[in-house]
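There are 2 protein chains.
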Amino acid sequence: MAECVAKERKILVAVDEGEESMYALSWCLNNILVSQNSKDTLILLYAKPPRPVYTGIDGTGYMFSPDIMATMDRYTNELAESVMEKAKRLCKEVHLLDVKVETRVVCGDPRDVICQAAEKLGVDLVVLGSHGYGLIKRAFLGSVSNHCAQKAECPVLIVKRPKSIAHDK
Amino acid sequence: MAECVAKERKILVAVDEGEESMYALSWCLNNILVSQNSKDTLILLYAKPPRPVYTGIDGTGYMFSPDIMATMDRYTNELAESVMEKAKRLCKEVHLLDVKVETRVVCGDPRDVICQAAEKLGVDLVVLGSHGYGLIKRAFLGSVSNHCAQKAECPVLIVKRPKSIAHDK
Numbered sequence: 001m002a003e004c005v006a007k008e009r010k011i012l013v014a015v016d017e018g019e020e021s022m023y024a025l026s027w028c029l030n031n032i033l034v035s036q037n038s039k040d041t042l043i044l045l046y047a048k049p050p051r052p053v054y055t056g057i058d059g060t061g062y063m064f065s066p067d068i069m070a071t072m073d074r075y076t077n078e079l080a081e082s083v084m085e086k087a088k089r090l091c092k093e094v095h096l097l098d099v100k101v102e103t104r105v106v107c108g109d110p111r112d113v114i115c116q117a118a119e120k121l122g123v124d125l126v127v128l129g130s131h132g133y134g135l136i137k138r139a140f141l142g143s144v145s146n147h148c149a150q151k152a153e154c155p156v157l158i159v160k161r162p163k164s165i166a167h168d169k
Numbered sequence: 001m002a003e004c005v006a007k008e009r010k011i012l013v014a015v016d017e018g019e020e021s022m023y024a025l026s027w028c029l030n031n032i033l034v035s036q037n038s039k040d041t042l043i044l045l046y047a048k049p050p051r052p053v054y055t056g057i058d059g060t061g062y063m064f065s066p067d068i069m070a071t072m073d074r075y076t077n078e079l080a081e082s083v084m085e086k087a088k089r090l091c092k093e094v095h096l097l098d099v100k101v102e103t104r105v106v107c108g109d110p111r112d113v114i115c116q117a118a119e120k121l122g123v124d125l126v127v128l129g130s131h132g133y134g135l136i137k138r139a140f141l142g143s144v145s146n147h148c149a150q151k152a153e154c155p156v157l158i159v160k161r162p163k164s165i166a167h168d169k
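Protein chains in written order, with UniProt numbering: chain A, 1 to 169; chain B, 1 to 169.
These are calculated hints, taken from the structure and not from any lab test. Hints are supplied without guarantee of correctness; some may be wrong.
[To be verified] Which residues of chain B face chain A? A few of them, derived with a C-beta cut under 8 angstroms, are:
#	residue
1	ASN31
2	ILE32
3	SER130
4	SER145
5	ASN146
6	PRO155
7	VAL156
8	LEU157
9	ILE158
10	VAL159
11	PRO162
12	LYS163
[Claimed, not checked] Lysine-lysine pairs mimicking DSS-like chemistry, simulated, CA-CA at most 25 angstroms apart:
#	chain 1	residue 1	chain 2	residue 2
13	B	LYS10	B	LYS39
14	A	LYS10	A	LYS120
15	A	LYS10	A	LYS39
16	A	LYS120	A	LYS100
17	B	LYS10	B	LYS48
18	B	LYS100	B	LYS86
19	B	LYS163	A	LYS120
20	B	LYS10	B	LYS92
21	B	LYS163	B	LYS86
22	B	LYS39	B	LYS88
23	A	LYS100	A	LYS39
24	B	LYS48	B	LYS151
25	B	LYS39	A	LYS39
26	B	LYS151	A	LYS163
27	A	LYS151	B	LYS151
28	B	LYS10	A	LYS163
29	B	LYS92	B	LYS48
30	B	LYS48	B	LYS86
31	B	LYS163	A	LYS151
32	A	LYS10	B	LYS163
33	B	LYS92	B	LYS39
34	A	LYS10	A	LYS48
35	A	LYS163	B	LYS120
36	B	LYS120	B	LYS88
[Stated by the list, open to error] Here are some of the chain B residues that sit facing chain A, going by a computed Cβ distance under 8 angstroms:
#	residue
37	TRP27
38	ALA149
39	GLU153
40	CYS154
As the structure is a prediction and not an experimental result, all values here were calculated from the model. Every residue gets a Cβ at the ideal spot worked out from N, C-alpha and C, and that includes glycine.
When you get a sec, could you build the whole thing from the sequences and use the hints?
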């Protein structure tokens with residue numbers, strides 16, 4: 001049997017504006033990271049929706065006025081920032097002194113963003129909620145968790161928010 | 001954010017005769033159970049293929065002679081036993097003194113067996129390989145891990161055997 005102990009693990013948690021991804025992060029912090037006596041790196045990854053671009057009859061891409069684009073960009077950036085702040089607060093609450101927390105915001109379809117980041121960074125585990133990916137939930141068909149479980153080369157942990165909690169909200 | 005620390009967790013690992021499920025077990029032992037200072041229960045679950053039964057023209061179920069059925073039963077029982085022995089050896093190697101190890105052999109489609117056991121036993125985590133389920137791999141279409149990730153109410157960890165290891169075999 002191959003040795004698969006990772007003393008300094010890289011764990012990627014996909015976060016978004018939904019409560020489910022925060023629950024997934026919390027579960028990971030409390031069940032996987034909390035008592036490991038190792039110097040793990042926790043990578044919080046947020047997939048930002050790409051700018052909507054439509055192609056006109058003459059082949060040029062256009063859609064919204066620069067003003068609207070700027071407003072949308074500001075909104076998505078603020079959203080990314082607020083998600084990251086919330087995620088980092090959760091990490092602090094668990095007091096994981098030895099764990100390094102990194103944040104990454106990448107533009108694109110979360111399915112690709114998560115799998116590509118996992119591969120590029122050589123992570124040992126990907127953690128994600130089973131639903132969610134908020135803003136772009138309807139834009140990208142197919143389940144992000146399904147896709148990642150199939151495509152990612154590393155173990156994938158899919159955390160479902162218990163119904164009892166989901167119903168409280 | 002809801003509290004999700006489980007001090008005495010129940011972790012169900014689906015094992016079969018494939019190397020991938022043993023790798024999944026090993027990963028779980030080394031990454032989730034090993035350093036938890038808690039009294040976890042590890043449940044090793046083996047889904048045994050159901051007896052093949054065909055329906056004759058007169059509506060009665062039949063297929064093989066009693067001798068062949070007995071031989072098949074003996075074979076599947078021996079297989080289940082050998083898988084469990086291998087899994088228990090792996091657990092012993094990791095020296096998890098505080099972890100209780102239980103074994104369960106249940107007859108049926110692994111997709112149902114795993115989800116039903118997870119619900120019935122109230123487990124905190126289901127761990128399984130992304131492929132496999134050996135003997136009945138071809139008999140049951142659809143991915144076991146996909147199905148469980150969608151149906152199980154608890155977190156599901158899908159462990160893929162790294163290509164580098166898979167190629168060694």
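Going through the hints against the structure:
1. ASN31: 7 angstroms, holds
2. ILE32: Holds - the Cβ of ILE32(B) comes within 8 angstroms of chain A, reaching about 6 angstroms at its closest.
3. SER130: 7 angstroms, holds
4. SER145: Since chain A brings a Cβ to about 6 angstroms from SER145(B), closer than 8 angstroms, the hint holds.
5. ASN146: With Cβ-Cβ at 6 angstroms, under 8 angstroms, it holds.
6. PRO155: 4 angstroms, holds
7. VAL156: 5 angstroms, holds
8. LEU157: Check passed: Cβ of LEU157(B) comes within 5 angstroms of chain A, closer than 8 angstroms.
9. ILE158: OK, holds: ILE158(B) within 8 angstroms of chain A, min 5 angstroms.
10. VAL159: For VAL159(B), the interface hint holds, since the closest Cβ of chain A sits about 4 angstroms away, which is under 8 angstroms.
11. PRO162: Status holds, d = 7 angstroms.
12. LYS163: 7 angstroms, holds
13. LYS10(B) - LYS39(B): The given pair, whose Cα atoms are some 9 angstroms apart, holds under the 25 angstroms limit.
14. LYS10(A) - LYS120(A): 12 angstroms, holds
15. LYS10(A) - LYS39(A): 9 angstroms, holds
16. LYS120(A) - LYS100(A): Holds, at roughly 18 angstroms.
17. LYS10(B) - LYS48(B): The given pair, whose Cα atoms are some 22 angstroms apart, holds under the 25 angstroms limit.
18. LYS100(B) - LYS86(B): 16 angstroms, holds
19. LYS163(B) - LYS120(A): 16 angstroms, holds
20. LYS10(B) - LYS92(B): Given pair LYS10(B), LYS92(B) holds - Cα atoms ~18 angstroms apart, limit 25 angstroms.
21. LYS163(B) - LYS86(B): With Cα atoms ~22 angstroms apart, LYS163(B) and LYS86(B) stay inside 25 angstroms; holds.
22. LYS39(B) - LYS88(B): 17 angstroms, holds
23. LYS100(A) - LYS39(A): 7 angstroms, holds
24. LYS48(B) - LYS151(B): 20 angstroms, holds
25. LYS39(B) - LYS39(A): Within the cut-off at roughly 24 angstroms; holds.
26. LYS151(B) - LYS163(A): 13 angstroms, holds
27. LYS151(A) - LYS151(B): 20 angstroms, holds
28. LYS10(B) - LYS163(A): 19 angstroms, holds
29. LYS92(B) - LYS48(B): 24 angstroms, holds
30. LYS48(B) - LYS86(B): Holds, at roughly 16 angstroms.
31. LYS163(B) - LYS151(A): 13 angstroms, holds
32. LYS10(A) - LYS163(B): The given pair, whose Cα atoms are some 19 angstroms apart, holds under the 25 angstroms limit.
33. LYS92(B) - LYS39(B): 15 angstroms, holds
34. LYS10(A) - LYS48(A): Within the cut-off at roughly 22 angstroms; holds.
35. LYS163(A) - LYS120(B): 16 angstroms, holds
36. LYS120(B) - LYS88(B): Within the cut-off at roughly 23 angstroms; holds.
37. TRP27: At about 5 angstroms, which falls below the 8 angstroms cut-off, the nearest Cβ of chain A leaves the hint on TRP27(B) intact, so it holds.
38. ALA149: 5 angstroms, holds
39. GLU153: For GLU153(B), the interface hint holds, since the closest Cβ of chain A sits about 6 angstroms away, which is under 8 angstroms.
40. CYS154: 7 angstroms, holds
Figure legend: structure checked against the earlier numbered hints; every hint is met.
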